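Given only the sequences and the hints, what does the whole structure look like? Please build it.
Residue numbers (this note's numbering): 1 to 620.
Fair warning: there could be bad hints in the mix.
Said to hold, decoys possible - Derived lysine-lysine pairs resembling DSS-like cross-links, with alpha carbons at most 25 Å apart:
(1) Lys-478 <-> Lys-526
(2) Lys-118 <-> Lys-149
(3) Lys-118 <-> Lys-181
(4) Lys-118 <-> Lys-199
(5) Lys-219 <-> Lys-181
(6) Lys-360 <-> Lys-319
(7) Lys-406 <-> Lys-360
(8) Lys-181 <-> Lys-319
(9) Lys-219 <-> Lys-242
(10) Lys-406 <-> Lys-319
(11) Lys-472 <-> Lys-406
(12) Lys-148 <-> Lys-118
(13) Lys-199 <-> Lys-149
(14) Lys-406 <-> Lys-478
(15) Lys-181 <-> Lys-148
Unchecked claim - Label-pair ranges, simulated between beta-carbon atoms:
(16) Lys-319 <-> Glu-460: 40 to 48 Å
(17) Ile-416 <-> Pro-152: 45 to 53 Å
(18) Ser-348 <-> Lys-319: 22 to 30 Å
(19) Ser-610 <-> Gly-381: 33 to 41 Å
(20) Ser-346 <-> Ser-610: 37 to 45 Å
(21) Asp-272 <-> Gly-327: 21 to 29 Å
(22) Glu-282 <-> Gly-21: 38 to 46 Å
(23) Tyr-308 <-> Asn-592: 29 to 37 Å
(24) Ser-348 <-> Asp-34: 35 to 43 Å
If you are wondering where the hints come from, they were derived from the structure by calculation, not from laboratory data.
These numbers were taken from a predicted model, which means no experiment stands behind them.
The C-beta atom is built at its ideal place from N, Cα and C for all residues, glycine as well.
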Amino acid sequence: MRRCALVAIGLLTLPVFGAEGLLGYYRHPALNDDTIVFYAESDLWRVPVNGGTARRLTTHLERERFPCISPNGETVAFTASYDGTHEIYLMPLEGGRPRRVTHEGISGRRSPRPVSWKSDTELVYATWYFATRDTHQLAILNVETGNKKLLPLEQASDGGFAADNETLVFTRLPRQNSFAKRYRGGLVENLWRFRNGDKEAVPLTPDYDGTSRDPMVWKDRIYFSSDRDGTMNLWSMTFEGKGLVQHTVFAGWDLLSPSLHNGRIVFANRADLWIYDIERDETRKVDVRLASDFDQKRERWISNPMSYLNSWFLSHDGKQVGLTIRGRGYVLPARSGRIIRLRQNSDSRTRDLRFLPGSKDVIYLSDRSGEMEFWREPADGLGEPSPITSGGTTMRHDGIPSPDGKLLAHTDRDQILWMRDLSNGEEWEVARSAEGNEWDYIDLTWSSDSRWIAYADTMENQTERIFLYDTKERNPPKAVTTGRLDSYSPAFGPEGKWLYFLSDRTFRSVQGSPWGPRQPEPLLDKTAGIYALDLLGGQRSPFVASDEGEPPPLGVSEDEKKGINLESLDGRLFVLPVEPSNYRYLARARGNLYCLYSPLSLSRKSSLVSFPITADSTRH
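Encoded structure:
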């Protein structure tokens, strides 16, 4: 008896994991009285408004999204692809077999999507089916008879009827795909009002050039989401677009997918669900737990890991290669040896693993500290990683170490080119791209003596121009090519005496004439040639044969002792004896130039070609 009592006490003290469940990622909530239906783990779930452990409503392998509950609380409409294309289905809120109610045969962002209910049998949904151009329209579907009625509104993508069932408040234009915050472009969403019998709709938010969407009607006000304070929050106004009131004050993370019923609004923020009570003017988080096996988090076997390859870089002796695959860093032997996996936390991501010259280490980007920073780690995987940078305020991009391993050039999302001294941690700004983008410095290359870098930047007229920068003197970068023609992919010669690059300077249209039944535009093909700059001055082109009987130079010339001369570079430009074509990504290795070649500028197929740096340069 005593043993049974002890066992009972022990069972009572065990944590009840099954009853509490685990946190999930909740999206697209729909509200009806005290019930919330939401999307998580590619299925629909049901939970009370006071929170608790949610109950799974659907279990199909395909995704069910955009739930919308009927006014009587008996039926939930949603979009799913059970039969191939994305269509609208209905199922009882208490559970049951889904019933397909649309047959439009459209998938992707053009697929039909339930928006709101006009009555217990009339569903308002967004569709591209009736559109004569690439845009959404709203239609009313009678879920009992299958009859459809297109609303006479162009580009309406979301909306709801007022209590009189005659006034519709709708969002004009579909949500643009970039998900950019504080969007102000030509596809910005805004609110309109349309009453049955009116000749045209009336704009409600013409005073604001940002986003206003997700209209919902309660009594005499329209509730909607807008980024008027920089973050998507809940706002309301009258039916005339007046009396604007802000109801939530989230900062940074947008309020998404609001749904209103009987004076309460449920919405998603971050990974959670929230409820706003209109009468009480209160906002609270709904504590939702999932009773799930979380199969998507289970460790699984990847049969073709190379399909997830992000970057690859050879070591300087060619004996190893550094790979990043699915956010993990690996060092592989070129011939035989062990595969080394770098040390990192399971919740961190590695990018752009490179070998650091002059050492046995590798450098890479990792977010193990919370931000993308550069780290250093022994290439054999036996030592602890150490940070190179810290305190980043924006996304850092690929870093390229100097040949002697003492300096690191890297860029960031603010379009700034940085230089860092790896011995003392000093970092300084080299250049700032005013017209380009964050990837403009991707062609950056080092001279063999680790003193100079060459890179391309975009000018005001949108042409690419090559610059040289002296890391020793730290003077402003010097433009070495014209700003009227695109020049890119610089590569230093073997001893830093020459700078080779690609430039689009040959303009021959494939179309012989602008006349004809289709009046073709000119197609410029094979525009890129290979060019060389004499960095010292007074040099003979390596592609020109020496004069007969001329002895080879002895020792180091005076020009070589002086180093790179930036004066009058435009007069020291040489055209290589290579036929212009579609070349990309020029690089130099030993005594050869390499680049990618495509037979046609529009072709995605490329092959690697090489040119020996000799008087007889033939493509191989």
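Hint check:
| no. | hint | in the structure |
| --- | --- | --- |
| 1 | Lys-478 <-> Lys-526 | 28 Å, violated |
| 2 | Lys-118 <-> Lys-149 | 12 Å, holds |
| 3 | Lys-118 <-> Lys-181 | 32 Å, violated |
| 4 | Lys-118 <-> Lys-199 | 21 Å, holds |
| 5 | Lys-219 <-> Lys-181 | 31 Å, violated |
| 6 | Lys-360 <-> Lys-319 | 12 Å, holds |
| 7 | Lys-406 <-> Lys-360 | 13 Å, holds |
| 8 | Lys-181 <-> Lys-319 | 46 Å, violated |
| 9 | Lys-219 <-> Lys-242 | 15 Å, holds |
| 10 | Lys-406 <-> Lys-319 | 22 Å, holds |
| 11 | Lys-472 <-> Lys-406 | 12 Å, holds |
| 12 | Lys-148 <-> Lys-118 | 13 Å, holds |
| 13 | Lys-199 <-> Lys-149 | 18 Å, holds |
| 14 | Lys-406 <-> Lys-478 | 23 Å, holds |
| 15 | Lys-181 <-> Lys-148 | 35 Å, violated |
| 16 | Lys-319 <-> Glu-460: 40 to 48 Å | 45 Å, holds |
| 17 | Ile-416 <-> Pro-152: 45 to 53 Å | 51 Å, holds |
| 18 | Ser-348 <-> Lys-319: 22 to 30 Å | 28 Å, holds |
| 19 | Ser-610 <-> Gly-381: 33 to 41 Å | 34 Å, holds |
| 20 | Ser-346 <-> Ser-610: 37 to 45 Å | 42 Å, holds |
| 21 | Asp-272 <-> Gly-327: 21 to 29 Å | 25 Å, holds |
| 22 | Glu-282 <-> Gly-21: 38 to 46 Å | 25 Å, violated |
| 23 | Tyr-308 <-> Asn-592: 29 to 37 Å | 32 Å, holds |
| 24 | Ser-348 <-> Asp-34: 35 to 43 Å | 41 Å, holds |
The structure fails hints 1, 3, 5, 8, 15, 22 (numbered hints given earlier, in ascending order).
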